[in-house]
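All chains should be built: construct the whole structure from the sequences, respecting the hints.
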Amino acid sequence: MPYEDPLLDIIRFPLVDQYVAPYVKFGTLQTHIHELIFFYLFYTGIFFASHIISPLLVSAKKWDALKSKDKTYFHVHVVSMIQCLIILVLITPMFNDPVLKQDRIFGYTPYGGLIASAASGYFLWDAINAFYFIRKFGIGFAVHGVISFFVSFIAYNPFILFYAPVFLLFEISTPFLNIRWFDLKLPGVFSEKFVLINNIILIILFFVVRICWGWYWIFQLAWDFWLTHTDPRFPYLFAAVILTGNFVLDILNVYWFSLMAKIAIKTIQNMMKGQKTGLQIDEETIKGKKKED
1 MPYEDPLLDI IRFPLVDQYV APYVKFGTLQ THIHELIFFY LFYTGIFFAS HIISPLLVSA
61 KKWDALKSKD KTYFHVHVVS MIQCLIILVL ITPMFNDPVL KQDRIFGYTP YGGLIASAAS
121 GYFLWDAINA FYFIRKFGIG FAVHGVISFF VSFIAYNPFI LFYAPVFLLF EISTPFLNIR
181 WFDLKLPGVF SEKFVLINNI ILIILFFVVR ICWGWYWIFQ LAWDFWLTHT DPRFPYLFAA
241 VILTGNFVLD ILNVYWFSLM AKIAIKTIQN MMKGQKTGLQ IDEETIKGKK KED
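Mapping of the sequence shown onto UniProt numbering: residues 1 to 293, in sequence order.
I should point out that these hints are in silico values taken from the structure, not numbers from a laboratory. Keep in mind that the hints are not guaranteed to be accurate.
To be verified - With a cut-off of at most 30 Å between alpha-carbon atoms, the simulated BS3-like pairs for lysine-lysine come out as follows:
no. : residue 1 : residue 2
1   : LYS193    : LYS69
2   : LYS193    : LYS101
3   : LYS193    : LYS67
4   : LYS101    : LYS25
5   : LYS71     : LYS185
6   : LYS136    : LYS69
7   : LYS193    : LYS273
8   : LYS262    : LYS185
9   : LYS136    : LYS185
10  : LYS266    : LYS193
11  : LYS71     : LYS25
12  : LYS262    : LYS69
13  : LYS62     : LYS136
14  : LYS266    : LYS185
15  : LYS67     : LYS262
16  : LYS61     : LYS71
17  : LYS69     : LYS185
As the list claims (entries may be wrong) - Pair ranges (Cβ atoms, derived):
no. : residue 1 : residue 2 : range
18  : TYR23     : SER59     : 43 to 53 Å
19  : LYS262    : GLN102    : 36 to 46 Å
20  : GLU192    : LEU57     : 35 to 45 Å
21  : ILE197    : TYR23     : 30 to 40 Å
22  : LEU237    : VAL16     : 20 to 30 Å
Positions of the beta carbon are idealized from the N, C-alpha and C atoms, including for glycine.
This is the structure in structure tokens:
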């Protein structure tokens, strides 16, 4: 049947039903607890596998030249790349889910629960990993991981599953951002033309999806909250956290895009003057941080 969960009866972990599930009493989480554990372990496995495989795929000279912090970042970006591709494929059917369209705030389908598990499992890994490497990454990444996990976890309530694919679509710019990071840390791997095209696509997608799409849908979400706030099922605390968090993120996206635009304009001006340069856009640039030498 459409929008059923294809993994629900396939992924089963020993003893979870006996020792974990009975104590998990948050919305539909008990139904999807095996999937949450699976996705957490899956991304943890990719992170450790990258420690073994990535050094074999990168030239020894380039890999040895990376700082310890950048090597850890490299593995994180590998996980990020795989995660964003998986989640973008998984969310595609949800845009036409008639059940969620009919009830945009409280609607639930088993497939929606799968998406909540895929997102929550990744952000759980992200949060735990950020805390483990907090001396390398800083508190900002840890806070981001916790908030992202909390927001995706709320979907189990069930709550705003309709909006899960809407906001997870932000991930469409992530592959291009990861490619840019790999290029900056491993110069010469990609051609200059490829990098230029990649960065142009990154800027366009960032503007269209994270700003135009993001601002449109946050107001749609706010309006849906207003229409349903008198429903006895309406969780005011969850709604406040989600709405505030998304508004802050959308404002930051405008700020980050302004930095990208300034870099792009400067690059074009240099190119017109005959200076050879590229669009120096990476995760730290977008977030307004000074990139380390």
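query: Out of the numbered hints, which ones does the structure contradict?
result: Violated hints (numbers, rising): 2, 11, 20, 21; every other hint is consistent with the structure.
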